[in-house]
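Place chains B, C, D, E and F on chain A using the hints.
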Amino acid sequence: MKFAIVINEGPYQHQASDTAYLFTKAALAAGHEIIRVFFYHDGVNNGTRLTTPPQDDRNIVERWSRLGDEAGLDLVVCVAAAQRRGIVDADEAKRNGKDAENIADGFRISGLGQLIEAAIQADRLITFGD
Amino acid sequence: MKFAIVINEGPYQHQASDTAYLFTKAALAAGHEIIRVFFYHDGVNNGTRLTTPPQDDRNIVERWSRLGDEAGLDLVVCVAAAQRRGIVDADEAKRNGKDAENIADGFRISGLGQLIEAAIQADRLITFGD
Amino acid sequence: MSMLHTVNKSPFEKNSLRTCLRLARPGSDILLIQDAVYAALPDTEFAAGMIEAARQHNVYALEPDLMARGLDRDKLIEGVEAVDYDRFVELAATNDSVQSWL
Amino acid sequence: MSMLHTVNKSPFEKNSLRTCLRLARPGSDILLIQDAVYAALPDTEFAAGMIEAARQHNVYALEPDLMARGLDRDKLIEGVEAVDYDRFVELAATNDSVQSWL
Amino acid sequence: MGAIRKFMYINRTAPHGSIYAQEGLEVALIGAAFDQDVSMAFIDDGVFQIKSGQDTSATDMKNFSPAWRALGDYDITRLYVEKESLEARGLNVDDLMPLTWEDEDDDYIEKPSIRIVNSDELSKIIAGQDVVFNY
Amino acid sequence: MGAIRKFMYINRTAPHGSIYAQEGLEVALIGAAFDQDVSMAFIDDGVFQIKSGQDTSATDMKNFSPAWRALGDYDITRLYVEKESLEARGLNVDDLMPLTWEDEDDDYIEKPSIRIVNSDELSKIIAGQDVVFNY
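Residue numbers (my numbering), protein chains in the order written: chain A, 1 to 130; chain B, 1 to 130; chain C, 1 to 102; chain D, 1 to 102; chain E, 1 to 135; chain F, 1 to 135.
With the rest of the complex left out, here is chain A (with noise of 0.2 Å):
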């Protein structure tokens, strides 16, 4: 079955982005299919490759790179929400002239168009937030 998950908090201030990662292994895990990532709002700050947790601590923005070279996993960053929250890729960073970028390795910006398609090409949709 595909599913598409879709994570509205950034990662340690809140729980949502744990839950969907260990919910995207378990359905992995049981053949399902994720057909995409989708972070929104604050769930962008997911793809800040920036992020340095303390070593006892898990590395969330690492592990979904992983995660995500592992499974094949499309990881999309709505830029719209992007863009409030400062995460940049090349592009972006040329677009809006900022001298630096921090998106995460397997993370891709995209528009709000990614999540509608994902909704509707998904069997199922589910969203972790606040």
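For the record, the hints were derived by calculation from the structure and aren't laboratory data.
Note that the structure is a prediction, hence the values are computed from the model and not measured.
A virtual CB, placed ideally from N, CA and C, is assigned to each residue, including glycine.
Don't take each hint at face value.
For the chain E half of the interface with chain A, some residues (derived, Cβ under 7 Å), not all of them [as the list claims (entries may be wrong)]: (1) Glu23; (2) Ile30; (3) Ile109; (4) Val131; (5) Asn134.
For chains B, C, D, E and F alone, kept in the frame of chain A given last:
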């Protein structure tokens, strides 16, 4: 009178930073001193220079940078909270092996002791959060 | 010692205001900001509690937040006073400390 | 059409679970996750509502979240079943859609 | 998956205190281009999202509330407002923005988009959705 | 400002669902070095912060709850727990971690840090603080 301000949520997602800003401006206008604005929890996300909010909306980060410059505010981002969320200055980038930094003008990264010190030195500490 | 209590959550959604009213000493200054200004609406399921609160305390509501939410400063629960940011600062200065019920 | 309802907020803090119970059709699957697992505690001020909910619906609580909060899966309100993430996925798959009460 | 799906935006948060209402409306306006069967529900403090007379000028925040009036043009014409939520907040339909749509099959007559429904009616409508979004 | 000030950490949020409890405890542990007159209050879902038996291993989240036991060593020895909050959640003091401190003025006897107080007592204690932090 000496005020210390604490901001616990990031820009846009919650009204905390907006209310804190208007309070700070009003306090300065009334002749009070703001000895420190301390950004904790997701509040550290107020300190990234990579945001590009819509043109018809307020620019929360730039607004703090500008007021900080005009009023000589001490805008302090908690280092432990910042590491979890990816707010980085040049020193932090070097220390943690990051290839980019994103701290906004007028903000500095420091320890939690700065919060306690502000609470001791200020006549009033006021917290804005979710 | 006197304390300014600020509350920023709608009483219909979260327990913050209820807890504030349980733990604020009689005669306290209580300022409703952000989504807590909805508590100043009359005729709600929370109105009886607010009418009582306005008798026991000095209850204020931040006018810019009332306006943002389409609430009329002249149609609030009796005893709730609309104030601006200058007054917010004054309340924080005249009380000995500030407690934020989030 | 059937719907899985997830709830992630403590019923002592926020109205999410109350609203879920008002709007879920009888016989729904309701899964408590994150801070909502506190709703499965017996002898609370919310327990009567949960006992009734467990009669009308199939109520589950996510075991990793119970454990994180020090709640014993064998001491939950009668009718609330502790489940793991595999079962969470199965509930999402067997229902036609998923509604998150935040 | 060529069939049209029933999308519902379930709005439960108050506006301005957090951004969910504003960014949720942005999803609905973008989503309208995808020709699905779209409706909205306003529950709990979500009913405040369409309270009339919102003026954010003194907060320096963006006033997105006029965008609600565009919904009719985007063919989002069914806005279900839970009666119990309105009543608990001392509101009635006259306190809400007069949101309307033009019915092109009925001589472009302007019709109200807001439909007051009770909990039982709303629970049935929600149960019939294919996809729900929460803001 | 050389006088010792009365600091209170007011804890009202449940642990794990959000980070406030964890990062709040970090403030208290750092703040202990500043030799102020420190106490804590546990109100509403904050009482769950010191619930015994927390085990986050199956969530992959950091289990910070053992750090509560360090408070006594940091001279944070007055933990006020609101009786009404405990009762509403079906808990009593035996459900909480047995947090203690060693009284160096009393032959290092181990004494309980947790003090159950009712709302009225707690409201007076809160009103007497110079600075309050909220987590």
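Here is how each hint holds up against the structure:
About 6 Å separates the beta-carbon of glutamate 23 of chain E from the nearest beta-carbon of chain A, less than 7 Å, and the hint is met. The interface hint given for isoleucine 30 of chain E holds, since its Cβ lies 4 Å from the closest Cβ of chain A, which is under the 7 Å cut-off. Interface hint at isoleucine 109 of chain E: violated, since its Cβ lies 29 Å from the closest Cβ of chain A, which is beyond the 7 Å cut-off. The criterion of a C-beta within 7 Å of any C-beta in chain A is met by valine 131 of chain E, whose closest approach is roughly 5 Å, and the hint holds.
A hinted interface residue such as asparagine 134 of chain E counts as satisfied when its beta carbon comes closer than 7 Å to some beta carbon of chain A; here the least separation is about 6 Å, so the hint holds.
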